[in-house]
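J.: Listed below, chain by chain, are the residues.
There are 2 protein chains.
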Amino acid sequence: MKGVTKLKYTKIPEATIRRLSRYSRCLEEMNGLGEKVVSSAQLANKCLVNAAQVRKDLAYFGEFGIRGVGYYVNDLLQDIKRILGLNKEWRMAVIGIGNLGSALLSYKDFLKQNYKIVAAFDIDPPKVIGRVSEKVGKPVEVLHINRLKEVAKERRIEIGLITTPPSEAQNVANQLVEAEVKGILNFAPAQVTVPDGYMVKDVFFTTILDNLAYLLSNN
Amino acid sequence: MKGVTKLKYTKIPEATIRRLSRYSRCLEEMNGLGEKVVSSAQLANKCLVNAAQVRKDLAYFGEFGIRGVGYYVNDLLQDIKRILGLNKEWRMAVIGIGNLGSALLSYKDFLKQNYKIVAAFDIDPPKVIGRVSEKVGKPVEVLHINRLKEVAKERRIEIGLITTPPSEAQNVANQLVEAEVKGILNFAPAQVTVPDGYMVKDVFFTTILDNLAYLLSNN
Chain A
87 MKGVTKLKYT KIPEATIRRL SRYSRCLEEM NGLGEKVVSS AQLANKCLVN AAQVRKDLAY
147 FGEFGIRGVG YYVNDLLQDI KRILGLNKEW RMAVIGIGNL GSALLSYKDF LKQNYKIVAA
207 FDIDPPKVIG RVSEKVGKPV EVLHINRLKE VAKERRIEIG LITTPPSEAQ NVANQLVEAE
267 VKGILNFAPA QVTVPDGYMV KDVFFTTILD NLAYLLSNN
Chain B
87 MKGVTKLKYT KIPEATIRRL SRYSRCLEEM NGLGEKVVSS AQLANKCLVN AAQVRKDLAY
147 FGEFGIRGVG YYVNDLLQDI KRILGLNKEW RMAVIGIGNL GSALLSYKDF LKQNYKIVAA
207 FDIDPPKVIG RVSEKVGKPV EVLHINRLKE VAKERRIEIG LITTPPSEAQ NVANQLVEAE
267 VKGILNFAPA QVTVPDGYMV KDVFFTTILD NLAYLLSNN
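Protein chains in written order, with the working numbering: chain A, 87 to 305; chain B, 87 to 305.
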């Protein structure tokens, strides 16, 4: 790997970052199959994008390919993981252990990546104690939300997944900020705000459905 | 409402459509509180975007505001719903009734919008019969996947939510296409392809986490 410059990072479009994530998924699969080298056309084909897009996305981060050969699968995979910050384990907590929170505790795709759920919180923990996270391979005890700050420090939690009712989302986000959990993935359909230095990404199923409904209505 | 022209639709950025969905959510809330008029600044503030963005997004679809007054809350809400194709009910099926599929069957945010789950399918229905969708107010019987085509026609299903393991996603997508279900929301972390005239939107939690991890690593 050469020339992965920090400077350029600020200008990277979010769509590029999303595609990098997709490329890493495809490369992971190729790597698992023992494939050593891939051309941008092959990678593009596998990831359902076009080859020019692959080259353009990777060009943001420096020179990766070997002219006339393509990319070394494992090298490119490791480079992309480094760019995305996935060359480390991310320690996460789920807050709100209803149906969706429980589903996330056993979400198999986290298992394959470097995302580890290390704690679960609820306002009413007894009703949910004993739910199992396959991610950690043993039951995650659901703790009372009032232990968030203490446990976040203890278990070095970096990302909080909010799966509470929407009315509680901002309150939980405040508690995560208080506990210095820098990243939030917000599944509760309510906008939450955090101070500078903290990050929220929303996962609103209904917003994505609205997008689909729009496309279906206009095609 | 004036000047909502069909012609313009093709050029609308996806980010605009996502924000329209957000505006409709905010307007719905304002409407519920009995608010009659809103300025672009107030709407922007409520939706956590900037006022120029609100005006620009709405300008794609014609003239909505009254100069010096702002927007009539309910009129704008109805116009946005019409633009997004939400002035009708969307009938959906969930395919794959594991943890996530079950969570979606009782996902309260669908309930508030025009998304109705009218069927649930699995390859192993007996284990899951009797799960309840609060959306429809009564238990949704989980049917065997081999009844998809027949039931899709009968119940006029327009959107399929894929919540199977990734290895089954393309197969299920094919069956949805076979059943002429035009829209797919794919939660299974695997790329699926569909013919022209069909639409897939992915909801890959890990991809969104990758995006968050990138931002946390580079800030």
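Some hints here could point you the wrong way.
[Claimed, not checked] Dumping the calculated DMTMM-like pairs for lysine to aspartate or glutamate here, alpha-carbon to alpha-carbon at most 25 Å:
| hint | chain 1 | residue 1 | chain 2 | residue 2 |
| --- | --- | --- | --- | --- |
| 1 | B | K198 | A | E114 |
| 2 | B | K239 | B | D282 |
| 3 | A | K132 | B | E254 |
| 4 | A | K194 | B | D282 |
| 5 | A | K287 | B | D161 |
[Stated by the list, open to error] Some chain A residues close to chain B (C-beta under 7 Å, calculated; not the full set):
| hint | residue |
| --- | --- |
| 6 | G171 |
| 7 | N173 |
| 8 | W176 |
| 9 | G269 |
| 10 | T292 |
| 11 | T293 |
Just so you know, these hints were derived from the structure itself, not from any lab. Beta carbons: idealized from backbone N, C-alpha and C, even for Gly.
J.: Now tell me, hint by hint, if it's right for this structure.
T.: Hint-by-hint comparison with the structure:
| no. | hint | verdict |
| --- | --- | --- |
| 1 | B:K198 - A:E114 | violated, 39 Å |
| 2 | B:K239 - B:D282 | holds, 20 Å |
| 3 | A:K132 - B:E254 | holds, 17 Å |
| 4 | A:K194 - B:D282 | violated, 31 Å |
| 5 | A:K287 - B:D161 | violated, 30 Å |
| 6 | G171 | holds, 3 Å |
| 7 | N173 | violated, 9 Å |
| 8 | W176 | holds, 6 Å |
| 9 | G269 | holds, 5 Å |
| 10 | T292 | holds, 5 Å |
| 11 | T293 | holds, 5 Å |
In summary, the numbered hints that this structure violates are 1, 4, 5, 7.
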